[in-house]
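With chain C held as given, fit chain H onto it using these hints.
From first to last, the protein sequence lines stand for chains C and H.
When we follow my numbering, the leftmost residue of the first sequence carries the number 1, and every step to the right adds one.
When we follow my numbering, the leftmost residue of the second sequence carries the number 1, and every step to the right adds one.
Keep in mind that the hints were calculated from the coordinates and are not lab data.
In this text, all values refer to a predicted model and were calculated from it rather than measured experimentally.
There could be a bad hint or two in this list.
[Claimed, not checked] Here's a subset of chain C near chain H, in silico, CB distances under 7 Å, partners left out:
1. R53
2. I54
3. G55
4. I56
5. G57
6. V65
7. Q131
8. T134
[Claimed, not checked] Derived, one-sided and incomplete: chain H residues facing chain C with beta-carbon distance under 10 Å:
9. F110
10. G180
11. P184
12. S280
[Unchecked claim] What follows is a set of in silico ranges between Cβ atoms, one per label pair, in the way DEER data are often shown:
13. Q217(H) x Q272(C): 54 to 64 Å
14. E69(C) x D61(H): 39 to 49 Å
15. K55(H) x E99(C): 45 to 55 Å
16. E165(H) x D64(C): 16 to 26 Å
Here a beta-carbon is modelled for each residue, glycine too, at the ideal position from N, C-alpha and C.
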Amino acid sequence: MSVASDIIFYVLPLTFLIVVVILFFGQGGMWEDLKDTVNELKDKWWVSWILPRIGIGQEALEADVSVSEEHRGQVLEITRVINTMLGENKHNCFGDFGELSDLGEEGTTLNFEYRGDRTIMTIQGGAGGQQQITELRAEFPGMRPCVIAGRDELVENFFNYFIDYQDKVCGGGPCYPYYQQVDSISIAYRTDNNNANQIIVAGPGFSDGPVNDESDNFESHGWLFTPDGRHICFFPTNYHANNDEDGIANEWFTEGEDDSIPNQVNQQQHFQYCTNQP
Amino acid sequence: MINHKKAVTASFIVGMMITLVAFVLISGTLIRFMSKAEGKEAEILCHDSLLLRSKSIVNVDHELANMELKLVPVLCATQDKKIKGTRTDLKRQIANDIAKCWWMFGEGRFEEILHGSDVDILPRILATEELENKCFNCYTVLVDQDYIEGGPIPSTEFMDFLATEKYPLKNMTYLQYLQGYGGPGRFVYLATEGDQFISQGILPRHGYSISMAPKLQSDEDSFWKGLAEIGVAVVGALVIGIATGGTGWIAIGSAVGLSALGVAGVQDLKASIYGERDVSSIYFDTLESGQQFCGSGDISGE
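Pulled out of the complex, with its shape left as it was, chain C reads as follows:
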């Protein structure tokens, strides 16, 4: 029975296959006849009107998992700067990764997620901004993200000490609290409100969406701050007040104001960059 079934299901079809191959592709086979016939038909004017257009095969899709060289360089610089700010001997110091260019609609997104004992930075980009650029992923052991925003009192405390330099009020240092630790931070280009890079924070005191809903809320020009070498704080910004729950006014991150953070740090008036030097 099994021999008979083998003959029916294997030998017979294979024999047919061989016959077909010989018929079509053998010397003077039908394949050449068929091609000649088709070529002759193509020259007739009525063929294109009567016969349909026929395409064979599906076009293969291609992925684009990349970010621009400019964004890649900036992400690597952020990674480098954060690493210089982490460590036990870092206290109330600053870092600056430079201007972050427009991340673009459906472009690049930077995510910082706190995981208990570390923070993981992931980068989205590629086609539609939907791919994760795994080679730019970074882990920061011991880091907890934070922001200078979330509560009026907190931002005011930071402003009074680090910009206004009221160093006598709380015993030679800033009054507490002056930073807000958070669970995650996203930086992306958004088109709600103004079209610009915006910062989105998840954690106590923050709702879904950008930190403020007025306009560009991330014009701190790459400045970061750490109070203790473990918390790395980003600066959301606002347009209308020196300091409020939405952050510090953007002008305090430019050189136009004498007491701005860049001027204070670059001139080493009271505060400094974080460095890896002891």
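Quick look at chain H alone, frame taken from chain C:
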């Protein structure tokens, strides 16, 4: 001269008839071979049949009608696997199966490859109508041990594994391979604790499904577009439900206002994800859920 032409025409018709008969018989033979193929053979057969299927699709475009004909059957069968080993072994085995499933289905290059033709030709061989959501369970995986060292593997740990460990066959991370080696792709970790928005880790004595869902041509009003509009980043790797021990991965949970999308609960959310794909996707889910939303078994016809 006229007699010669008649002879040529007759021989041509006979030749074509022989070809068609041979095609049917050989299809049957391939399917018979397929039913006996296992493991690597079955994976290669599935991969090759889909490649041939995509390359041989006939698009007919005419003033009166347009149609797409798929002339090669899908010779794929769900493989049931039992896995065991250390924590890393388990992650590696599941990740490898995910990558192999992606490979079998053309690495995201083909859209709607599991859809049938616009015209039924040999429906018992070529049709894939029985496939739920036109997606397919490549593997079912049972964690065949009573205990995993260090406890259950949280979804975040497994996602980290995919993002950081290299797939040995391609010398890139699993996630890089899934997202962009061929066409665009997405991996979604769908296993949840029953109907709760809590991500289920990989547990001993539990079964899981690894499914391939090819891209759909139309993504109008898609779930994914809606998700992006309510502010959830739609990226190449997602977790459904809130993972214990922090999220770390873009998580779709009740907290993001899914009601705005008309999604009432976990099952509703899964139905949307399985049913709508703007890119080809690999889903990792509980066995029950995978079998509910995706087709399983031997889809090479009867």
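Here is how each hint holds up against the structure:
no. : hint                          : result
1   : R53                           : holds, 4 Å
2   : I54                           : holds, 6 Å
3   : G55                           : holds, 4 Å
4   : I56                           : holds, 6 Å
5   : G57                           : holds, 5 Å
6   : V65                           : holds, 3 Å
7   : Q131                          : holds, 4 Å
8   : T134                          : holds, 5 Å
9   : F110                          : holds, 6 Å
10  : G180                          : holds, 3 Å
11  : P184                          : holds, 4 Å
12  : S280                          : holds, 8 Å
13  : Q217(H) x Q272(C): 54 to 64 Å : holds, 58 Å
14  : E69(C) x D61(H): 39 to 49 Å   : holds, 41 Å
15  : K55(H) x E99(C): 45 to 55 Å   : holds, 49 Å
16  : E165(H) x D64(C): 16 to 26 Å  : holds, 23 Å
No hint from the list above goes unmet by this structure.
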